[in-house]
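Q: Sequence:
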Amino acid sequence: MDDNLTPTGDPLDIEVRLAMPLAEAMLTQRAVRRVRPDPVDDRVVLRCLELALEAPTASNGQSWEFVVVKDRAVKASLAAQYRRVWSVYGGLARLVKTDEQTARILKSVRWQVEHFEEIPVLVVCCLRGGARVPLVPKPPIAVSSRYGSVYPSVQNLLLAARSVGLGGALITLPLWSITVARRILKLPLGVEPCCIVTLGWPKGHYGRKARKPVGTVVHLDRYGHQPWREAARV
1 MDDNLTPTGD PLDIEVRLAM PLAEAMLTQR AVRRVRPDPV DDRVVLRCLE
51 LALEAPTASN GQSWEFVVVK DRAVKASLAA QYRRVWSVYG GLARLVKTDE
101 QTARILKSVR WQVEHFEEIP VLVVCCLRGG ARVPLVPKPP IAVSSRYGSV
151 YPSVQNLLLA ARSVGLGGAL ITLPLWSITV ARRILKLPLG VEPCCIVTLG
201 WPKGHYGRKA RKPVGTVVHL DRYGHQPWRE AARV
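Numbering (the working numbering), first residue to last: 1 to 234.
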């Protein structure tokens, strides 16, 4: 099936695409930032979000909220935030010598920054409850536990997007100011924006990525003990 073809809008077509083997979706999933401005049917987005809700969450709290942004004015407000922080981050990145792969990634991010309003759908993934800056300091593991209730659902969303042929990417820079993001999205104080997943029909293609051999990053029982490292070189 050609991933560059948009679905007919028939729910059956969506379900056929979602039947992609899980391993294939994982192996070929990548951050796809360059997408076409063509609209994405609401049924496709909602079906992907239904699958996002199947992810595990701490104590089955299901404390997630998703704001689907399609309005160009709202996207423009988030784009302004994105460009402000990118002007600093991107400027610093240009001063550092990078390899070819990193240069390609930075180029695709720059495209996304410049064309942000044209991206058909932004999904702002949020969590209810708890403030970003708590009154009582919490240990780092508490922060990790909190965000562990949203990121599994984000990965489900990205895998579902891959299966139906949508280009998706997880970004956070437009949310660099939580206060401004809340104002743009009309979020109450009890709802924290965590990340944005961009969705659209891809200009490019999904495919395999360059990844380190598993034995070079896996340790047994203690850090530094890597019995599978040599096998990874074979």
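It is possible that part of the hints are untrue.
To be verified - Here are the computed lysine-lysine pairs in the BS3-like style, where the Cα-Cα straight-line distance is at most 30 Å: (1) Lys203 to Lys70; (2) Lys209 to Lys107; (3) Lys138 to Lys186; (4) Lys107 to Lys70; (5) Lys212 to Lys70; (6) Lys203 to Lys107; (7) Lys107 to Lys212.
To be verified - Label pairs and their calculated CB-CB ranges: (8) Lys212 to Ala103: 14 to 22 Å; (9) Leu53 to Leu220: 18 to 26 Å; (10) Gly61 to Ala31: 38 to 46 Å.
Hint data in this document are derived by calculation from the structure and do not stem from the laboratory. We put the CB at the ideal spot given by N, CA and C, even for glycine.
Q: Which hint numbers doesn't this structure obey?
A: As far as the earlier hints go, 5, 9, 10 are violated by this structure, in ascending order.
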